[in-house]
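2 protein chains.
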Amino acid sequence: MAEKQYRIGEFAKLVGLSTYTLRYYEDQGLILSQRDDNGVRFYTEHDIRWVGFILHLKGTGMRLNELKRYVKLRAEGDSTIGERREMLQQIKNEAEAEISERQMHLKVLEHKIKWYDEKQAHTIDDSETFHDYLQRFHD
Amino acid sequence: MAEKQYRIGEFAKLVGLSTYTLRYYEDQGLILSQRDDNGVRFYTEHDIRWVGFILHLKGTGMRLNELKRYVKLRAEGDSTIGERREMLQQIKNEAEAEISERQMHLKVLEHKIKWYDEKQAHTIDDSETFHDYLQRFHD
DNA sequence: AAACACCTTCGAGTGTACTGTAAGGCAAGA
DNA sequence: TCTTGCCTTACAGTACACTCGAAGGTGTTT
Numbered sequence: 062m063a064e065k066q067y068r069i070g071e072f073a074k075l076v077g078l079s080t081y082t083l084r085y086y087e088d089q090g091l092i093l094s095q096r097d098d099n100g101v102r103f104y105t106e107h108d109i110r111w112v113g114f115i116l117h118l119k120g121t122g123m124r125l126n127e128l129k130r131y132v133k134l135r136a137e138g139d140s141t142i143g144e145r146r147e148m149l150q151q152i153k154n155e156a157e158a159e160i161s162e163r164q165m166h167l168k169v170l171e172h173k174i175k176w177y178d179e180k181q182a183h184t185i186d187d188s189e190t191f192h193d194y195l196q197r198f199h200d
Numbered sequence: 062m063a064e065k066q067y068r069i070g071e072f073a074k075l076v077g078l079s080t081y082t083l084r085y086y087e088d089q090g091l092i093l094s095q096r097d098d099n100g101v102r103f104y105t106e107h108d109i110r111w112v113g114f115i116l117h118l119k120g121t122g123m124r125l126n127e128l129k130r131y132v133k134l135r136a137e138g139d140s141t142i143g144e145r146r147e148m149l150q151q152i153k154n155e156a157e158a159e160i161s162e163r164q165m166h167l168k169v170l171e172h173k174i175k176w177y178d179e180k181q182a183h184t185i186d187d188s189e190t191f192h193d194y195l196q197r198f199h200d
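If you read the protein sequences in the order shown, they are chains A and B. Here my numbering = 1-based position in the first sequence + 61. Here my numbering = 1-based position in the second sequence + 61.
Hints were generated in silico from the structure; no laboratory data involved. Be aware that a few hints might be false.
Label pairs and their computed distance ranges (CB to CB) [what the hints assert, rightly or not]: (1) A:133 to B:164: 21 to 31 Å; (2) B:182 to A:161: 40 to 50 Å; (3) A:85 to B:140: 20 to 30 Å; (4) A:126 to B:74: 27 to 37 Å; (5) B:161 to A:66: 44 to 54 Å; (6) B:89 to A:98: 55 to 65 Å; (7) B:130 to A:66: 33 to 43 Å; (8) B:182 to A:106: 41 to 51 Å; (9) A:124 to B:126: 18 to 28 Å; (10) B:97 to A:154: 14 to 24 Å.
Here the structure is a predicted model, which is why all the values come from computation and not from measurement. Note that CB positions come from ideal geometry on N, CA and C, so glycine has one too.
Let the sequences and hints guide you as you build the complete structure.
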């Protein structure tokens, strides 16, 4: 049984990207498409998996340029596995650092929300260590 | 003892923004500055705290437009506290959702790194539940 | 006197990742 | 036949948040 083939419109809906974006990614060398006798693009399950993966990478914060580089290395074969691993490791480190930073900022925001609640209830009573720093942000 | 006053250049270094950005934020209504007799901007500790706070808000993912709205509400007084609280709560929810999503993408990336390591060591042995899904991304 | 830091308005440039349009053409289905 | 969906190249437009430069000015410091 031959694998199902999807034309760009159907494929776009499947992977959640626009046809514009799919052609754009192809221009950029991130994805490949096969063509039928009329030159019309078609995609298979394999392409769904690949697009799924690059969306995961993008979701971690990887940029198109980095993705391009990654794809280029991948095309060069197994000898570049070490380098690819290092790329992913770096992306991972950066993403984790950004998440921590964002969580720190969120702590301040949470504290402000709490402060609003207390102010509304006229029952301000706070003795956390964090308190001194945070008080500076309240009028 | 009068509070120290900072001109824009010094202040920019203190808060980690460029003088361009400070004037831009002022144009946008995010910050205010006092002026000396010659019309030269100066800032005080109070402004350091305020800029610190808006940088925390920005750090959670809040956009300039939202920040503008927040500042406008703040200027309207305590009657808008409820609305401000809701704004912050929404930003918090969005930020937490984005963090979770990013962590999910990171899990895939981590798995790929692990897969590279195993491939390099020729000892692939993996029996996690997650495994079936993730295998789809490896060539 | 020259250098320096600041002031103004206004508009152009930067980077990222798309998103869309124009203008022309092909092939299959109702 | 007409519509729909696809194809191409090439370029303009969008959103966001700056970032910078021009061109003219003031006041303080060396």
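Legend entry - CB-CB spacing for residue 66 of chain A and residue 161 of chain B relative to the 44 to 54 Å hint: At 35 Å between Cβs, range violated.
Inset, instruction - Return holds or violated for the Cβ distance of residue 85 of chain A and residue 140 of chain B against the range 20 to 30 Å. - result: violated, 48 Å
Inset, instruction - Using the Cβ atoms, figure out if residue 124 of chain A sits within 18 to 28 Å of residue 126 of chain B. - result: holds, 24 Å
Inset, instruction - Could you see if the CB distance from residue 89 of chain B to residue 98 of chain A stays within 55 to 65 Å? - result: holds, 56 Å
Inset, instruction - Evaluate the given range 21 to 31 Å for the C-beta pair formed by residue 133 of chain A and residue 164 of chain B. - result: holds, 28 Å
Legend entry - Outcome of range test on Cβ distance (residue 182 of chain B, residue 106 of chain A; 41 to 51 Å): With Cβ atoms ~29 Å apart, the hint is violated.
Inset, instruction - State, for the Cβ atoms of residue 97 of chain B and residue 154 of chain A, whether the hinted interval 14 to 24 Å holds or is violated. - result: violated, 46 Å
Inset, instruction - With respect to the beta-carbon atoms only, verify the hint that residue 182 of chain B and residue 161 of chain A lie 40 to 50 Å apart. - result: violated, 30 Å
Legend entry - Whether the CB-CB distance between residue 130 of chain B and residue 66 of chain A falls inside 33 to 43 Å: For residue 130 of chain B and residue 66 of chain A the Cβ distance comes to about 49 Å; the hint is violated.
Legend entry - Cβ distance range 27 to 37 Å for residue 126 of chain A and residue 74 of chain B, holds or violated: Holds: the Cβ-Cβ distance is about 31 Å, inside 27 to 37 Å.
In terms of the numbered hints stated before, the structure departs from hints 2, 3, 5, 7, 8, 10, listed from lowest to highest.
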